[in-house]
Every structure is written in structure tokens, then in C-alpha cells.
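Student: Now for the letters of each chain:
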Amino acid sequence: MNSFNSNRLIDWALKLYVLLSFGFIFAPIAASFVFSFNVDRFPSLPLGGFSMIWYEAVWADPLIWEGLRNTLIAGVVVSALATAIGFGAAYTDFRYKFFGKSVYMALALLPPTIPVVILGLAMLAFLSNISLSGAIYSVIIAHVVMCAPFAMAICRLRLSQMDPSLEAAAWNLGASEWMAMRHVIIPFCKPAIFAALFITMAVSFDEFAVAWFVSGLNETLPVKVLGFLQGQVSPRINVIGTFVFIASMTLVVLAQILLMRRSGTPATTSAAAPADIGVVTP
Amino acid sequence: MRKSITFYGLTFSLPMLVWQALFFLAPLLFLIALSFWSVRNFRMEPDFNPDNWTRMLGRAVFWQAYLRTFLLSASAAVITSILAFPCAYAIAFKLSETARRWAIFLMVIPFFTSYLVRVYSWQIFLSDNGIFNALFAQVGIGPFGMLNSSFGVMIGYLTLSFPLVVLLQLFSLVFVDKTLIEAAHNLHCGRLRTVFEVIVPSAKVGLVIAALFCFILTFGDFVSPLYLGGGDPPTLSILITDTTKSGQQWPRAAVIALTMIATLLAVAFAAVSFAYRERGR
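Heads up: the sequence lines are chains A and B, in that order.
Under full-length UniProt numbering, residues 1 to 282 are what the first sequence spells out, in order.
Under full-length UniProt numbering, residues 1 to 281 are what the second sequence spells out, in order.
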């Protein structure tokens, strides 16, 4: 674009800076992975010997299995509910104009902008007041609130790539609204729906703050990690961290590939999910 | 587009409305009521008692925490914006189309991967016997106490917000009118001057929104100040977790939470009106 006025030195410095930025972002993830195989209890350089003892310790810990079970239950239910709700809201925004729509959209997109401690406190107080706190379904209720906006943003972006007259064409050819939804809209949105399932599962999988407030004794895996952090140093966190990183990275990468493949504008589509929320803040 | 309310339309629009009204809006509104409740014999009772407000807002500890939190988040917003800008700039203008896609692809990943474990991992780098001090010892300097300091908190805040700020900045930079930049070059405008007088003003809205998001994220974060900053003196979010988890003083925690929401609304309003203000006024 501005090649006639580019300085190679500056260009290389800037590219190096991008690499350094990625180094900063991925250093903790890499460190967690490396130190999970380190035999020493207190992490330092030079590394101690290679060992699987922390993996064995985690494997043998029933509390961790219990946390993992809670996390998986919550993750699966949350992703299904949040995606269904989010898709509905995206379709509503795509198709209908109605009085109070901006309020509707604000309600649909605002939750990620509220700090998690405040959300956690509000949820805990509210849910325990109606006797719904301290169980896995409390975590599910709270996580759906937090995840539905992501699902909605992803589905909405996909819908915005669809020609609205496609649906109208289906009606003109005699399809009912339900049939048009079943045979036109949902097939078109399929990659986005799966991406939303994966992303919301990743969000639920990693969420620790609100879950910590509302889960009571039914702690999810990230809440267990929070408990470990408050206790003594333990390389077991690195083991769980490695597992958590691999799980959520896989989900996010799958989601991104789905969104990239069939849409006209690759990568930006999925990346716009957090950005899209920024657009509607007051 | 038909406008009448149908069963079909409600099937898709109602779930979001009902769920968020019931489990998002109602809890937040309940927080307001809760802040006026009173606590007797370790039990909360519905009440209309302004005592929590006067007592919390009358405490020096509260205002110290407030000031500290505000300053930390404001610094984070400035520092993250400054550090993220060259990165976003380079991705937007210096990378090929394919490389840019990859960069965005990689930037999205950390947003959805456990922040908690990444903060723990930073402890490995920053602690007194950690990786950084081991490296410093190789060149004969240090050790530096990086953990339990504002520096540690800032590293955590960067971990939390850097990728998002880069992405938000990037999306505003991509939409900068390229012909404006070429015009500046043709008029012999220097490189830095082009950045500050052409690119930054055209991307201003996005840059301010990015800084605002950094402020919002860090203002409510309790993990970095606690596990990288040592938690003492506390920030508002630490006060909330402590007050909530240490018994039935939820009404007071609600007061802190509502003060935070009011602050965030004020900051968001100020930032947005600054972002959309006409230039040169």
C-alpha cells in the first residue's frame, strides 16, 4: 500500500514487536506446559528432571475428577442452552423490527461488560434468596447469562452474510415459516451454530469467578484451581492448566476453522465476536 | 417483514428476553435492594436501612481501595493502549493478508483460555526464584522483587486485556481510509506525524473503546491484584470477595459493587462522549 515510503528497518522492528507480543501472550501457557513435567515442587531454572509425578498426583485425586465432572456437565448444558438462546436472539435481530429493540439488544449483549465479581455477588445473593444457589444448576444459570451474548454475536455475524430474500423466497415457494427455518436458515447458520457451541463451552470451561460465588460445594474445575492458588505452591496447577489450555484451545481453534471455512471474510468473522459487543456499549 | 406478534417469532425472541431479565437484570436490581438490608445476629433481613451506605462510604479503607483500584485500572488502560498500538499497527499495515489472518486467529485464542492458570504461570516467571530472576542472575543483576508489587499487577492486567485491546485497535485501524494515508505521504508528511495526525485521529473511536474495555476488565478483576499484587492494600474487587466470603455481610459487598457499577457507567459515558466529540473543538 505505502511501499514507496517504507523503511525496511522500521518494518522489521514492528514485525519483531508483533512476535514479542505473541511471546508475551503465549509464554505463560508454554511455561505451564513445561513445568508440569518438572520434578521440583518449586518452579525455577534450571529445570529439574523430567517426571510424570504431578500427572499421577492429579490422576489419583478424586476431588479433581469431581471438579472435572461438574465442569463437563455445566459446559455441555451451558453451551446447548446458550447457543439456542443466542441463536434465537440473533434471528430476532436479523428479521424483526419492534419497539424497544435497542433495549432488547442491550440486554442480550451487556452481560460480558459487567465485572465478574459484581455478577458473581449479584447472582449469589439473588439465587440464594430464591434457594437456587450452591448447586450445579446455579453455575449453569449464571454461565448461560454470560455465554449467550457470545453465541448471539457469532450467529448474528453469520446471518448478516445471508441474503434476507432467501427466506422470503422460501415462503413464496410455499414453505411455512417453520419449514424455511428448518431448511434455509439453520443449514446456512450451521457452521456458526457449531462455532457458538464450541466457544460457549470454552467460556464456561474457563469461568471461575461467578462459578466460585454460586457453586457452593459443587465446585467446577477452575474453582478447584482457585482453591489451589490460595493454598501452597503446587505443580498440580500446571498439570490442570495444561489440560485446560489444550481443551479450550481445541474448542476455540475448531470454532475459528468452522467460521473461516465457508464464510466470505475469513478469520475476522470469528474475531469480531468480542469486538461486536463493543459496538453496542452505550 | 410482517410486524404482528406470532408464536413463531416469540419462540426465537422470548428465551433471551426471559433468561436475561430473570437471571441478569433481576440479580443486578436485587443488588440495589440488598444494599439497604440490615444484618442482625449474622442473618440478613429485608429492610430499608441506609446504614450500609453511610458506613462503607465513611471508611477511609474503602476510599483508599477505591483510589488504588481506579489508578491501577486507569494506568492499565493507558499502558495497555500504548503497548498494544504498535502491535495492532504492524498487524494492520505491515503484514500480508495471510499473516494478518493468522495473527488475528492467534489473538482470539488467549481471550478464551484460562486467565486464572495464566496468572498462576506468571508467578513462575516473576517470583524471587523464578525464571526472570534466574535469567537476570546469568547476567549478574537482581534479584528483583517483581511479585506482590504494582508491577506484578500490571503484568496480570496486560495478560487479561492485551489481546482484546490489540483486536479492538486493529479493527479500527483496518477501517482507516487508505487514501488519507497516501495523501499524507504525497504531501511529505513524516512517518510519525502521519501516525499521530492522520491515523490516530481517524481511528480514535476504536482506540478509545479499546482503552475503555481495558479499564472495565481490569477494574473488576480480583485475580491479578490478589495473586500477583499480594492483595495488600486491597482493590475494590478483593474487598467484595473478602466481604462476601467472610460471612453474611453481603449488603456491604453490594454497596461496593454498586459504587463500582456507577463508576464504570460514568467512565464509559465520559469515554464514549470523548470518542465521538468532533475534532478541533
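In short, the hints are calculated from the structure, not lab data.
Glycine included, each C-beta is placed from N, C-alpha and C at the ideal position.
Some clues are possibly wrong.
[To be verified] Per the computed footprint, the stretches of chain A lying under chain B, defined by three or more beta-carbons under 8 Å from a beta-carbon of chain B, are:
id, segment
1, 57-64
2, 145-159
3, 216-228
Student: Work down the list of hints and note, for each, if the structure agrees.
Tutor: Do the hints match the structure? See the list:
For a cut-off of 8 Å, the count of residues in the segment 57-64 of chain A with a CB near a CB of chain B stands at 0, and the three-residue condition is violated. With 3 residues carrying a beta carbon less than 8 Å from a beta carbon of chain B, the segment 145-159 of chain A meets the three-residue requirement, and the given coverage holds. With 3 residues having a Cβ less than 8 Å from any Cβ of chain B, the segment 216-228 of chain A passes the three-residue criterion, so the hint holds.
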